[in-house]
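Trainee: Below are the chains, spelled out letter by letter.
2 protein chains.
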Amino acid sequence: MKVQERIETALDQFLARGESSVAPPRLQEAIRYSVFPGGARVRPQLVLAVAAACGDDAPEVSDAAAVAIEMMHCASLVHDDLPCFDGSELRRGKPSVHAAFGERLAVLGGDALIVSAFDALNQEASAHPTRLVALLNILAQGVGVPSGIIAGQAWECEDHIDLAQYQRAKTGALFAAATMAGAAAAGVAHEPWRELGDKLGEAFQVADDLRDAVSNPEDLGKPVGQDEALGRPNVVAARGIKGAVSYLKELLAEAMASVPACPGEEALRELLMKQAAQFLPRELAQEAA
Amino acid sequence: MKVQERIETALDQFLARGESSVAPPRLQEAIRYSVFPGGARVRPQLVLAVAAACGDDAPEVSDAAAVAIEMMHCASLVHDDLPCFDGSELRRGKPSVHAAFGERLAVLGGDALIVSAFDALNQEASAHPTRLVALLNILAQGVGVPSGIIAGQAWECEDHIDLAQYQRAKTGALFAAATMAGAAAAGVAHEPWRELGDKLGEAFQVADDLRDAVSNPEDLGKPVGQDEALGRPNVVAARGIKGAVSYLKELLAEAMASVPACPGEEALRELLMKQAAQFLPRELAQEAA
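Going down the list, the protein sequences come from chains A and B. 2 is the number of the first residue of the first sequence in our numbering; add one for each residue after it. 2 is the number of the first residue of the second sequence in our numbering; add one for each residue after it.
Hints are computed from structural coordinates only; laboratory data are not their basis. This structure is a prediction, so every number in the text was calculated from the model and none was measured. There could be a bad hint or two in this list.
As the list claims (entries may be wrong) - Sample of chain B residues lacking proximity to chain A, with all beta carbon distances greater than 12 Å (derived): (1) Ala76; (2) Ala121; (3) Glu251; (4) Glu266.
Unchecked claim - Some chain B residues near chain A, calculated using beta-carbon distances under 8 Å: (5) Val4; (6) Glu104; (7) Leu109; (8) Asn123; (9) Met257.
As the list claims (entries may be wrong) - Coverage of chain A stretches by chain B, computed from C-beta distances (three or more under 8 Å per stretch; other residues unrestricted): (10) 19 to 32; (11) 83 to 90; (12) 103 to 116; (13) 128 to 136; (14) 154 to 165.
Ideal placement from N, C-alpha and C gives every residue a C-beta, glycine not left out.
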C-alpha cells in the first residue's frame with residue numbers, strides 16, 4: 002500500500018498549499034471533495050510505476066506528475082458529471098460535485114483543478130527544466146485539443162463522431178500521458194512509453210465496458226447501463242462479452258510487449274498485470290488472465 | 002495599431018497550432034469564437050506594454066505571455082456567461098458561446114483555453130527556463146485558488162462575501178498577472194510590477210462600474226445595469242458617480258507612481274494614461290483626465 006499512500010499524501014499536500022483563509026471556503030471544500038476520497042487512482046499509480054521502472058531519481062517530480070495527472074482526471078469527472086453532460090448525481094458512491102455544491106462550484110472547482118495540475122508540475126520540477134518542459138507538454142497534449150480528454154469529451158457534441166478518435170482521446174490520451182509523464186519525471190525519453198499508455202487505456206475502456214454490461218450498481222458507485230442508454234460506442238455491444246474479453250487479452254499482451262527496455266522492466270510488467278486484473282468484474286477476471 | 006496586430010496575430014498563430022483535422026470541429030470552432038473578435042484586449046496590451054518598457058529582449062516569450070493572459074480572460078468570460086452564472090446570452094455584441102454552441106461546448110471550450118494558456122507559455126519560453134517558471138507561477142496565481150480570477154468568481158457562490166478579496170481576485174488578479182508577466186517575459190524581477198497591475202485592475206473595475214451605470218447597451222455589447230440586478234458590490238452604488246470618478250483618478254495616480262524604474266518608464270506611463278481614458282464613457286473621460 003506504499004504507492005497508494007504516497008499518492009494520497011502528495012495530493013493532500015498539493016491541495017493544502019493552495020488552501021488559504023483568503024480563498025472562498027466553499028470552493029476549497031468543493032475541490033477537496035472532487036479529489037478525496039478517490040477512485041482506484043489508476044492513472045497516478047501508472048505514473049509512479051513507470052517512474053519507478055525508470056529509476057525514479059527525482060521522486061518529488063514523479064509525485065507532482067502523478068498529482069497533475071490525477072487532478073486532470075478529477076477535473077474531467079467533475080465537468081463530465083454536469084447536468085449539460087451526463088447529469089450524474091452520483092460519483093464514487095457519493096453525490097457528484099454539482100449535486101453536493103451546485104453547478105457553479107462544479108464548473109469553477111474543475112477549472113481550479115486544471116490550473117493546479119500545471120502549477121504542481123511547475124512547483125516541483127522547476128529544478129529540472131528539461132523534465133518540466135516535457136511534463137508540461139505531455140499534460141497539455143493529454144488534456145487539450147486536438148486529441149486530449151477535453152477533445153474526447155467534445156466528440157459527444159458532434160453530429161458525426163470519429164469513433165477511433167473519440168475512444169482514443171476520451172480515455173487513452175490520459176493513460177498515454179500517465180506512462181509518458183512517469184518516464185519524463187525520471188528524466189527518460191518519454192515517447193517510447195506512449196504505446197504502453199495507449200494500450201492500457203484501451204484495455205481499461207474495454208474493462209469498463211464489460212463492468213458496465215455485467216455489474217451491479219453497488220460495485221461501481223455509478224448507475225450501470227449508462228453507455229447503452231446514452232448511445233455511446235461500446236466494445237461489448239460490438240463484440241459481445243466473450244469477444245470483448247478476448248480483445249482485452251490481446252490489448253494487455255500488446256501493452257506488455259511494448260514496455261521499453263528499462264531497469265525495472267520485469268517488475269513493471271508483473272505489477273501492471275496484477276492491476277489489470279482488478280478492473281474486471283470478479284467473474285471475468287480469471288477468464289482474462 | 003502595431004501592438005493590436007501583434008496580439009491578434011499571436012493569438013491566431015497559437016490557436017492554429019492546436020487545430021487539426023483529428024480534433025472535433027465544433028470544439029475548434031467554439032474556441033475560435035471565444036477568442037475572435039476580441040474585446041479591447043486590455044490585458045495582453047498591458048503585458049506587451051510592460052515587456053516593452055523592460056526591454057522586450059525575447060519578443061516570442063512576451064507574445065506567449067500576452068496570449069496566455071488573454072486566453073485565460075476569454076475562458077473566464079465563457080464560463081462566467083454560462084446559465085448557472087450570469088446566463089448572458091450576449092457577449093461582445095454577439096451571442097455568447099453557450100448561446101451559439103450549447104453549454105457543453107462552452108464548458109469544454111473554456112477548459113481547453115485554460116490548458117492552451119499554459120501550453121503557449123511552455124511552447125515559447127522553454128528556451129528561457131527561469132522565465133518559464135516565473136510565468137507559469139504568475140499565471141497560476143492570477144487564475145487559480147486562493148486568489149485568482151476563479152476564486153474571485155467563486156466568491157459569488159458564498160453566503161458571506163469577503164468584498165475586498167472578491168473584487169481584488171475577480172478583476173485585479175489578472176491585471177497583476179499581466180503586468181508581472183510582461184516583466185517576467187523580459188527577464189526582469191516581476192514582483193515590483195504587481196502594484197501597477199493591482200491599481201490598474203481596480204481602476205478598470207471602477208471604470209466598468211461607471212460604464213455599467215451610465216452607458217447604452219449598444220456601447221457595451223452586453224446588457225447594462227447587470228451589477229445592480231445581481232446585487233454585486235459596485236463602486237458607483239457606494240460612492241455615487243462623482244465619487245467613483247474621483248476615486249478612479251486616485252487609483253490611476255497611484256498606478257503611475259508605482260511604475261518601477263525601467264528603460265521605458267515614461268513612455269509606459271503615457272501609454273497607460275491614454276489607454277485608461279478609453280475605458281470611460283465619453284461623457285466622463287474628460288472629467289477623469
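Trainee: With reference to the structure, classify each hint as holding or not holding.
Mentor: Checked hints:
1. Ala76: B/Ala76 is in fact no farther than 12 Å from some Cβ atom of chain A, at 8 Å.
2. Ala121: Given that some Cβ of chain A is not farther than 12 Å from that of B/Ala121, nearest at about 9 Å, it is violated.
3. Glu251: At roughly 24 Å from the nearest Cβ of chain A, B/Glu251 sits farther out than 12 Å, so the non-interface label holds.
4. Glu266: 30 Å, holds
5. Val4: 27 Å, violated
6. Glu104: For B/Glu104, the interface hint holds, since the closest Cβ of chain A sits about 4 Å away, which is under 8 Å.
7. Leu109: 5 Å, holds
8. Asn123: 4 Å, holds
9. Met257: This interface hint is violated because 27 Å lies over the 8 Å limit.
10. 19 to 32: holds (count 11)
11. 83 to 90: holds (count 3)
12. 103 to 116: holds (count 11)
13. 128 to 136: holds (count 3)
14. 154 to 165: Coverage by chain B holds here, the residue count being 7 at a Cβ distance below 8 Å.
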